[in-house]
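Chains as they are written, first to last, in numbering that gives the first Met the number 0: chain V, 0 to 155; chain F, 0 to 155.
Think of the hints as simulated: they come from the structure by calculation, not from any bench. On a predicted model such as this, the values are computed, not experimentally measured, just so you know. Accuracy of the hints is not assured; some may be wrong.
Same chains, same label: a pair holds when it works inside one copy or across any pair of copies.
Below are the BS3-like pairs computed for lysine-lysine, each with C-alpha atoms no more than 30 Å apart in a straight line [claimed, not checked]:
1. Lys97 - Lys41
2. Lys97 - Lys38
3. Lys41 - Lys122
4. Lys38 - Lys58
5. Lys18 - Lys97
6. Lys104 - Lys26
7. Lys38 - Lys26
8. Lys97 - Lys58
9. Lys26 - Lys97
Protein chains: 2
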Amino acid sequence: MFELHPDLQRDCYTVGQFKLSLILLHKDANYPWLILVPKRQKVREIHHLSEEDQIQLIKESSHLSEVMTSIYAPVKMNIAALGNVVPQLHVHHIARFKEDPAWPKPIWGATEQKEYSPEELEKRLERLHSSLVGEDFQAWCGTEEDAGSNQGFFTP
Amino acid sequence: MFELHPDLQRDCYTVGQFKLSLILLHKDANYPWLILVPKRQKVREIHHLSEEDQIQLIKESSHLSEVMTSIYAPVKMNIAALGNVVPQLHVHHIARFKEDPAWPKPIWGATEQKEYSPEELEKRLERLHSSLVGEDFQAWCGTEEDAGSNQGFFTP
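So here's chain V without its partners, still in its complex pose (with noise of 0.2 Å):
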């Protein structure tokens, strides 16, 4: 069964999941900072997984960009698969700007995290929810204690 690994638990919120991947929302607001995980047990690479799962994920891949796009407007998404720290397969997507405290130079390790207000945040999550139709879609709206497992998902 696969679980969403701890660390990954404690720095991002759920987003929702698509047919193959959790889509997470880093907690760091210094960027709008998307985390695509696919649902499978232990595995730590792209080119682990089997050819008809990494071409769903290059899928919600591209898809989750393409929101990310029409919602933030970035000059350029960074999309990366690193995992030297956090062993579970996950794959980062950041909208980038000029303004970014990290611009030009990856994100990783630049800058202090900063925490959203709550309002900041539900207006975030409510409008990756409205956006995110497409490649089986399902919001997430679960407490705490269903982080991570399969509860709390819903189709809008």
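Given chain V's structure and the hints, the job is docking chain F onto it.
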């Protein structure tokens, strides 16, 4: 017509090409660091490629990751499409080790570039040329003047 961006031409050696992408080796010898550049004009984002090209890209990316894993036996592959500085779509593939100078951080900007010796470079390219079969691989053995053009490729 596809033209390789001059910054990528300056920073990399050409290894060969797959059906969709040019394969480059970054000149920084600190890491086994290869870069795929889809041979499509003026594309900056993965999601701007056609669906067919996206699927081909993930196939070539995973094939490259598998080959790099079999040659270098890294702890982790780092895959990233950033492109904040160089506007041509290019996807980094870096084999990471616990002993490398940036571990566990991302490599960009982490340490001074190290040059390959001519012997190391020749050995690295030869090994790649003999391992990168599949996805219509063609090795490159052109001259400096051919770099970035369609000249100098051959099927091993």
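Hints not upheld, ascending by number: Numbers 3 and 5 - these are the hints that the structure violates, sorted from lowest upward.
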